[in-house]
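Trainee: Chain by chain, the residues:
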Amino acid sequence: MKARPERWRAVVTYLQVAPLVTVFGAFLVFPIVLITVVSFWDYTEYAIVPDFIWRNYAEVLASAVTYRTYLSTLKFAALTWAITLVLGFTVAYFLAFHVRTLKWQMTLFLICTIPFWTSNIIRMISWIPFLGRNGIINSALMSTGLVHQPLEFLLFSEFSTVLAYVHLYTLFMVVPIFNSMMRIDQSLIEAAGDCCATAWQTICTVVMPLSKPGIAIGSIFVVTLVMGDFVTIRLMSGGQSASVALMISNQLAYLQYPAAAANAVVLLIVVLLIVAAMMKIVDVRKEL
Amino acid sequence: MARRDRQSGQRRGGTGLSRRKMLKGAAALAGVAAGWGAIRGFPLIWAQNIKNVTLRQFGTGVSNINEIAAKAKEDLGITLEMAALDSDAVVQRAVTQPRSFDVIDSEYWMLAKIVPSGNLQPMDTEKIKLFDKIVPIFTKGELAGKPIASQGTAPFKVSYLSGPESKEFSKMPTRWFTLVPTIYNADTLGIRPDLVGKIDSWKELLNPKFKGKASILNISSIGIMDAAMVCESMGEVKYGDKGNMTKEEIDKTMKVLTEAKKAGQFRAFWKTFDESVNLMTSGEVVIQSMWSPAVTAVRSKGVPCEYVALKEGYRAWAAGLGLSKALSGLERDAAYEYINWYLSGWVGAFLNRQGYYSAVLETAKANMTADEWGYWMEGKPAQSDIKDPFGKVMEKAGAVRDGGAFETRMGAVACWNAVMDENRYMVQKWNEFVAA
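Chains C and D, in that order, give the protein sequences. Those letters in the first sequence? Residues 1 to 288, per the numbering used here, in order. Those letters in the second sequence? Residues 1 to 436, per the numbering used here, in order.
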């Protein structure tokens, strides 16, 4: 008599999980399997040929361009991660501990999302009249006499690329860190104060460790977004820098699907390794 | 849906064939009448039976001009479903999805990839009424009696097929044609004359005077040819055929370009039309490889821009309409009718007014004013303001077209857009250059 409701409960659980499993299976697992399969196929100028060859991987892994591109993509990811982390942590800290009322916290938080009200592409393009040779910044600097030649490095450079990434992705850092900070028991901060800890000591020994899950989640967002980007890098570097995803998109354009698939599988593995390393440092689930 | 039903109906029904034959006859008769009207510039009667047919067309060039679809609907009753794609996507779709289109608007260089796939149906030149009037660049490989440059994928080399089922190009004229030309042009460098001054050679693109202010287009198959024009004029590299380079020639070209890139010669690379316009109007770039309508777009924003005639000549390109392998029956008749209509003058005038060239010049001329014809085609100063097809003033009275008359510009073509035998190697080297 007891077994039936339990079995019934098991069925209900499976039913509850089913929609998510179906969606993930159809739109995540299946495409990845397909990409992996195609990455072993052969191709010609105008057709892809089912086969089992390692040539695509050999070409990806033997090419110096691959390593140079990965290096530059990783460099962009690291720079963006470091800057967004500092910015995101500061903003979240200010929102969580310096703004007193919930009403203002929410208001200021919404203000942080304003850049997301316009499309990604428009946000990037609007940097051009701002940073360009005849742009606002250069005109201002020239008219105040600070510089005599327009600063060329402001646009179509690594600087502008990182700037755009930071502009686009800082919010992805702010949100999870803010979320973690809001869960910190206020009495812990007070206790630290009672023990004569300075504000800096409180941040380092209390707030930072307790915000680790937020930092980890934000880092995963930022790093995976930068690793997979091919639009920002092209527009902001003026097409003069490459990224791994841009390499894949070029291969797709030349009908080299299997080569692109092999490249995508390698990128997926690299990103998964990075994410795994982050999860190793911070157990997100335990600390949530 | 209706379209598919009709097709299957014909296939199933025994009377389908005879009905189709009858329709063909009717179309031919009507076409003759239409052809006569067209030459006089007033296409009045077109075949009636092709009304309500829908043709799916996709491509790069003329496929994003909705006015042409609207006019075709008005004159022929045909509905054109147009889709504009970038060049890589056109090749991709033509090769992988032959059933997804009826008419393709393809560039000639793409044919080297599309024709071997067997997805293109050879066109019967006898059904093209004005075939003899098509500019001989395409039909004979010459212009005004002089042979046209054959470096790269010159249209003449890929215009004819050896038979009605063929996947092989024929060197000599045959009855079977790949594409009926729609638009073509001669490309060169665009400059800001106010910031650059006078130049007369492709080598100026890498002149250190313009360091940090130059740009080249980042579509490898076209960019490499612009690069080759530059390297050749600098005397750095000698080419057998710029449109079909050897590995060694590719290496040398990319070496020159990579050194220039590392020295900071380029401000940016561009991939789309808008990017090239923005780079020029914002003053980020003062000299770059450019497309003709982009020059017009820069000028229409009040920024001076010149499409300079250079002594080494132009890099030319051409596009045309072809038929899908899957096309048959009434739809095929409609497609032929559409192509005949295309050559009959209205479209030609429309395209000429945008600064392109059209396939049959005399019918286009009949649809343009003498002043328009003089400005666009004969290199004469405009008598009054020159307007684009949408009525916007493009040039003030007195202006002369950059590079001059049709025969001067097209006669000075040095090479054609192409796909090389070493394409894969070239793409790889180009990607290295971008990542360098």
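Hints were generated in silico from the structure; no laboratory data involved. Just so you know, even glycine gets a beta-carbon here, dropped at the ideal spot from N, CA and C. Some clues are possibly wrong.
Taking lysine to any residue pairs in the SDA-like style, the calculated list, with each CA pair at most 25 Å apart, reads [what the hints assert, rightly or not]:
1. K262/D with A58/C
2. K261/D with V162/C
3. K203/D with Q151/D
4. K271/D with V206/C
5. K212/C with V231/C
6. K271/D with T118/C
7. K247/D with P50/C
8. K271/D with L102/C
9. K247/D with F130/C
10. K113/D with L330/D
11. K211/D with I128/C
12. K211/D with V147/C
13. K209/D with V65/C
14. K271/D with W127/C
15. K255/D with R68/C
16. K167/D with P50/C
17. K255/D with V65/C
18. K211/D with I125/C
Here are some chain D residues the structure puts well away from chain C; computed CB gaps all over 10 Å [to be verified]:
19. S117
20. K203
21. D251
22. K261
23. W270
24. K271
25. G313
26. G391
27. T408
Trainee: For every hint, state whether the structure bears it out.
Mentor: How the hints compare with the structure:
As the CA atoms of K262/D and A58/C are separated by approximately 29 Å, the hinted pair breaks the 25 Å bound. Annotation: proposed proximity of K261/D to V162/C holds, straight-line Cα distance about 21 Å (limit 25 Å). Taking the CA atoms of K203/D and Q151/D, the gap is about 19 Å. The hint holds against a cut of 25 Å. Under the criterion of a C-alpha separation no larger than 25 Å, the hint pairing K271/D with V206/C is inconsistent with the structure, at around 50 Å.
A distance of roughly 30 Å separates the Cα atoms of K212/C and V231/C; the hinted pair therefore is violated under the 25 Å criterion. For a cut-off of 25 Å, the pair hint linking K271/D to T118/C stands: about 23 Å separates their Cα positions. Using a Cα cut-off of 25 Å, the hinted pair K247/D and P50/C is violated, with the two alpha carbons roughly 29 Å apart. Distance check on the hinted pair: K271/D and L102/C sit about 48 Å apart at the alpha-carbon level, beyond 25 Å; violated.
A threshold of 25 Å between alpha carbons decides the hint, and for K247/D with F130/C the separation of about 42 Å lies outside it, so the pair is violated. A C-alpha spacing of about 28 Å is found between K113/D and L330/D, which places the hinted pair above 25 Å, so the restraint is violated. A distance of roughly 19 Å separates the Cα atoms of K211/D and I128/C; the hinted pair therefore holds under the 25 Å criterion. In summary, the hint linking K211/D to V147/C is supported, as the alpha carbons are separated by about 19 Å, within the 25 Å threshold.
Straight-line distance between C-alpha atoms of K209/D and V65/C comes to about 31 Å, which puts the hinted pair past the 25 Å bound. Only pairs whose Cα atoms come within 25 Å are accepted, and K271/D paired with W127/C is accepted, the gap being roughly 18 Å. Taken as a hint, the K255/D and R68/C pair is honoured in the structure, with Cα atoms around 18 Å apart against an allowance of 25 Å. Distance restraint check for K167/D and P50/C: the Cα-Cα separation of roughly 23 Å lies within the 25 Å cut-off, and the hinted pair is therefore satisfied.
At roughly 15 Å between alpha-carbon atoms, K255/D and V65/C fall within 25 Å of each other, so this suggested pair holds. The suggested pairing of K211/D with I125/C holds, with an alpha-carbon distance near 23 Å, which does not exceed 25 Å. Remark: the non-interface label on S117/D conflicts with the geometry, its nearest Cβ contact in chain C lying 5 Å away (cut-off 10 Å). Chain C leaves K203/D outside its interface by the beta-carbon criterion, the shortest separation being 21 Å against a cut-off of 10 Å.
D251/D, annotated as away from the interface, keeps every beta carbon of chain C farther than 10 Å; the closest lies near 15 Å. Consistency note on K261/D: stated as away from chain C, yet its beta-carbon is not over 10 Å from all of that chain's, at 7 Å minimum. At the 10 Å boundary, the C-beta of W270/D falls inside the reach of chain C, the nearest C-beta of that chain being 7 Å off. Against chain C, the non-interface label of K271/D is violated: not every CB pair exceeds 10 Å, the least being about 6 Å.
No Cβ of chain C comes within 10 Å of the Cβ of G313/D; the nearest lies about 27 Å off, and the non-interface call holds. Remark: the non-interface label on G391/D is consistent with the geometry, its nearest Cβ contact in chain C lying 29 Å away (cut-off 10 Å). Residue-level check passed: T408/D sits 33 Å from the nearest beta carbon of chain C, beyond 10 Å.
Hint check: violations occur at hints 1, 4, 5, 7, 8, 9, 10, 13, 19, 22, 23 and 24; the rest are consistent with the structure.
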